[in-house]
Amino acid sequence: MAKTGGADEALNRVNANSKPSELRITDMRVAEIVGAPFTSTLLKIYTNQGIVGLGEVRDGASATYALMLKSRLLGENPC
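Just so you know, the numbering used here puts the end of the sequence shown at 89, numbered straight through with nothing missing.
Think of the hints as simulated: they come from the structure by calculation, not from any bench.
Misleading hints may appear alongside valid ones.
Stated by the list, open to error - Label pairs and their calculated CB-CB ranges: (1) Ala17 - Ser81: 42 to 50 angstroms; (2) Thr36 - Gly70: 23 to 31 angstroms; (3) Ile43 - Leu83: 15 to 23 angstroms; (4) Leu21 - Val62: 28 to 36 angstroms; (5) Glu86 - Ala41: 16 to 24 angstroms; (6) Glu19 - Lys54: 38 to 46 angstroms.
Just so you know, even glycine gets a beta-carbon here, dropped at the ideal spot from N, CA and C.
Given only the sequences and the hints, what does the whole structure look like? Please build it.
Given below as structure tokens:
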């Protein structure tokens, strides 16, 4: 049997969490919260692995602007 020079052992120690994942954005929904003292736009991002992320549109951007970005985000890895 040929020696691999420790390559097999090294491969067994690789942290698989650093590999690119198959996680992809599948949908994005937007909700506007209107009330005191201001209006806030919230985002909910869904993935193909059941992970859901929540966020907020910043710096006075509108829900319309967030929805314009949806087509660019779908299919992307959120990591």
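Comparing the hints with the structure gives:
no.: 1; hint: Ala17 - Ser81: 42 to 50 angstroms; result: holds, 44 angstroms
no.: 2; hint: Thr36 - Gly70: 23 to 31 angstroms; result: holds, 28 angstroms
no.: 3; hint: Ile43 - Leu83: 15 to 23 angstroms; result: holds, 21 angstroms
no.: 4; hint: Leu21 - Val62: 28 to 36 angstroms; result: holds, 34 angstroms
no.: 5; hint: Glu86 - Ala41: 16 to 24 angstroms; result: holds, 21 angstroms
no.: 6; hint: Glu19 - Lys54: 38 to 46 angstroms; result: holds, 44 angstroms
Hint compliance for this structure: no hint is broken.
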